[in-house]
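Trainee: Produce the entire structure from the sequences given, and follow the hints as far as they go.
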Amino acid sequence: MSSSTAALGAPPRRRRSGGSLYFTAGILISAVFVLPLAWEVLRSFQPASAIISPPSLKSFSHLGVSNYRQLLTGQDDILRNVVNSLIVAIATSLLTSIVATLAGYGFGRFRFRGSGIAFAVVLVGFMVPFQAVLTPLFLELHYLHLLNSLIGLALFYTAFNLPFGVYVMRNTFLQVPRELVDAAKVDGASTMSTLTRVLRAIVMPGIATTFLYAFLFAWTEFLGALTFVTNGATYTLPVALSNVETNTYGSVNYGYLVAGAVIAMIPCIIVYVALQRYYVRGLVSGAVKG
Amino acid sequence: MAPITLDHVKKVYPNGFEALHGLDLHVDEGEFMVLVGPSGCGKTTALRMVAGLEDISGGTLRIGEKVMNDVSPKDRDIAMVFQNYALYPHMTVSENIGFALKLRKMPKDEIRRRVTDAAEVLGLTEWLDRKPGQLSGGQRQRVAMGRAIVREPSVFLMDEPLSNLDAKLRVQMRAEVLRIQRRLGVATLYVTHDQTEAMTMGDRVAVLRAGELQQCDSPQVLYDHPANLFVAAFIGSPAMNLFEGGLSADRRTLMIGDQHVAMPESVDAVRPGLRNYANKAVVVGIRPEHLVPATEGDPSVLDSKIDLVEALGSELLVHFAIDAKRVQAEGANEEAAEGLNAGQLEVHGEGVARLDPRADVKAGQRLRLAVDATRLHFFDPSSGAAIWD
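Chains as they are written, first to last, in our numbering: chain A, 1 to 290; chain B, 291 to 679.
In case anyone wonders, no lab produced these hints; they're calculated from the structure. Just so you know, not all the hints are guaranteed correct.
Listed next, the in silico DSS-like pairs over lysine-lysine satisfying Cα-Cα at most 27 angstroms (straight line) [stated by the list, open to error]:
id, chain 1, residue 1, chain 2, residue 2
1, B, LYS392, B, LYS300
2, B, LYS421, B, LYS364
3, B, LYS570, B, LYS615
4, A, LYS185, B, LYS570
5, A, LYS185, B, LYS421
6, B, LYS392, B, LYS356
7, B, LYS364, B, LYS300
8, B, LYS356, B, LYS398
9, B, LYS615, B, LYS595
10, B, LYS421, B, LYS392
11, B, LYS395, B, LYS364
12, B, LYS364, B, LYS398
13, B, LYS300, A, LYS185
14, B, LYS364, B, LYS392
15, B, LYS356, A, LYS185
16, B, LYS356, B, LYS395
17, B, LYS421, B, LYS395
18, B, LYS595, A, LYS185
19, A, LYS185, B, LYS398
20, B, LYS615, B, LYS652
21, A, LYS185, B, LYS392
Mentor: Take a look at the structure:
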């Protein structure tokens with residue numbers, strides 16, 4: 001049938017016009033999202049004085065990397081804060097992904113007494129904004145000697161990312177065909193090797209979502225980091241940037257602000273691009289007849 | 291290689307639903323046993339219990355001499371083929387086939403040799419590096435078979451492995467599955483809802499209904515000597531014609547609706563049990579091929595009106611109506627019985643005859659059909675049991 005319709009010529013032409021419409025719309029919508037970012041990147045190469053003046057073509061004649069140089073090599077030692085943030089974000093996302101995967105495997109693939117209630121309790125974590133429990137959390141971390149500690153911060157972020165992670169992973173495991181797990185069992189895989197050797201590749205999109213979500217949360221979180229870390233050497237990037245951007249008298253250095261925002265963007269983009277391939281749908285295709 | 295024995299095996303779910311009421315079944319070494327029945331009859335549950343994927347609530351399961359009730363699937367030395375193939379999507383064909391061997395920490399050379407052998411048997415050699423997503427349905431089915439045979443298990447379990455294939459491929463794969471099973475000589479338990487598949491493949495066929503075994507015998511015995519109405523209606527395509535009937539006091543006349551069919555004395559020799567049914571109601575079963583256009587002098591004749599003629603080339607399927615109540619065993623024909631609760635369904639007397647393609651018949655005509663009374667089947671209307679001795 002396809003060859004006969006192709007011979008008529010009409011459907012391909014329609015597809016071509018539909019395609020160009022699709023691409024035009026895609027480019028326009030992308031522009032809405034990309035332009036502010038591009039604008040910010042461009043602005044970050046301007047001196048602070050030019051950033052706050054109204055934009056004009058002339059103001060783009062003095063582009064340079066002074067903002068970055070001062071931010072990265074100045075006395076503020078922002079690189080150390082970048083490393084701190086990376087440690088916290090990576091630890092948070094790894095820990096969240098591992099715990100959420102194991103919990104999701106349990107909730108999604110095993111029937112046990114009280115699983116419904118346990119899952120509901122996990123979801124309650126969704127409903128509690130951590131800002132509301134900041135004081136008890138401060139005391140808790142204090143007693144555990146985890147204030148001013150990157151590990152303490154990572155544990156705190158993990159705890160508040162787990163409800164979402166467990167929810168995502170449970171749903172991901174629920175979608176795995178039962179027969180696939182049965183086949184692994186019959187083939188001789190243990191509960192753990194079923195997870196690590198058979199299901200891992202199939203639930204990867206869920207793991208990637210959980211990882212990315214936790215990474216972005218930990219990388220950008222401000223209030224918790226400001227509360228639980230009081231030592232400048234342990235500051236994460238958002239806290240450190242807010243410190244260097246605002247000088248003693250409260251005026252804001254927009255050069256630092258914009259350059260700092262660009263630096264902060266880079267790891268997010270790298271992690272997103274690295275994990276993006278796992279979002280490709282149809283990973284399970286061919287496993288079972290759909 | 292080992293026989294499978296189910297001894298009064300029961301399945302009761304936590305909510306109290308009893309899916310199997312004590313199943314007794316023995317599959318000999320090398321035997322191809324088909325479990326057949328309508329959906330929900332417990333056949334897949336039984337198979338999954340043998341595989342170790344469902345707990346056994348009661349009774350004993352043996353593979354060989356060993357009681358397997360609480361043995362984990364991997365230690366039962368079984369291989370299973372699933373309805374939806376259940377291939378690992380991220381592994382290549384050869385990794386899929388060799389996965390179980392790899393888990394058993396078999397040396398790599400040995401795995402490669404076995405995978406290559408299995409691929410050769412199944413004609414998969416050129417696809418070994420492909421992933422399941424790149425294969426057709428038939429090829430995926432073969433990979434699933436390959437995964438089972440490479441293990442050289444003592445028992446094969448197959449859960450409707452051909453039901454996702456198109457009709458032509460299904461016929462081809464039927465032969466292929468049989469060929470492989472014969473070659474390996476492994477006890478096989480094969481679940482299907484398709485009675486044609488059951489008849490063509492099974493050394494023996496076990497017919498299940500609502501968690502109870504109805505009859506287990508060779509396909510021909512099931513066809514010729516069904517134990518009850520359900521088996522009679524389930525086995526055979528087109529299905530047996532079943533009508534409400536009654537015997538006269540001298541048992542020489544059978545009433546089907548308002549028609550009177552002569553019952554020669556020879557019937558008594560075949561069905562001595564009928565002596566208890568003088569002047570009583572019976573269910574009469576007629577296989578479609580036991581109806582032929584009547585000639586002058588035929589003693590046992592049904593007068594019918596032709597509704598529809600299906601010409602299949604090798605035969606004609608003539609759908610006719612007679613003035614009698616048709617009986618249908620619940621569950622045997624799912625489409626017709628859908629929505630019914632229990633008991634038997636009454637539809638006005640329609641039937642099917644399988645006639646010679648050269649028979650001169652047309653829709654709308656009246657047709658006199660001769661029946662050989664010794665080949666009629668009789669069932670007790672209340673219990674549904676076949677009347678033999």
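Trainee: Taking only the CA atoms, is the gap from LYS421(B) to LYS392(B) under or equal to 27 angstroms?
Mentor: holds (18 angstroms)
Trainee: Given the hinted pair LYS356(B) and LYS398(B), is their Cα-Cα distance within 27 angstroms?
Mentor: violated (31 angstroms)
Trainee: Does LYS570(B) pair with LYS615(B) here, judged by a C-alpha cut-off of 27 angstroms?
Mentor: holds (16 angstroms)
Trainee: Would you check the hint for LYS185(A) and LYS570(B), treating anything up to 27 angstroms between C-alpha atoms as holding?
Mentor: violated (56 angstroms)
Trainee: Does the structure keep LYS421(B) and LYS395(B) at a Cα separation of 27 angstroms or less?
Mentor: Holds, because 23 angstroms separates the two Cα atoms, which is no more than 27 angstroms.
Trainee: Are LYS615(B) and LYS652(B) close enough, with their CA atoms no more than 27 angstroms apart?
Mentor: Measuring from Cα to Cα gives roughly 23 angstroms; hence the hint holds.
Trainee: Between LYS356(B) and LYS395(B), does the CA-CA distance stay at or below 27 angstroms?
Mentor: Holds: LYS356(B) and LYS395(B) sit about 24 angstroms apart, inside 27 angstroms.
Trainee: Is the hinted pair LYS615(B) and LYS595(B) satisfied, with a Cα-Cα distance of at most 27 angstroms?
Mentor: Since the Cα atoms of LYS615(B) and LYS595(B) sit roughly 15 angstroms apart, the hinted pair holds (cutoff 27 angstroms).
Trainee: For the pair supplied as a hint, LYS185(A) and LYS398(B), confirm whether the alpha-carbon distance does not exceed 27 angstroms.
Mentor: Given pair LYS185(A), LYS398(B) holds - Cα atoms ~21 angstroms apart, limit 27 angstroms.
Trainee: For the pair supplied as a hint, LYS595(B) and LYS185(A), confirm whether the alpha-carbon distance does not exceed 27 angstroms.
Mentor: violated (57 angstroms)
Trainee: Holds or violated: LYS395(B) and LYS364(B), Cα atoms, limit 27 angstroms.
Mentor: Within the cut-off at roughly 14 angstroms; holds.
Trainee: Decide if the proposed pair is consistent with the structure: LYS364(B) and LYS398(B), CA atoms, cutoff 27 angstroms inclusive.
Mentor: holds (20 angstroms)
In this structure, the earlier hints numbered 1, 4, 8, 18 are contradicted, and the remaining ones agree with it.
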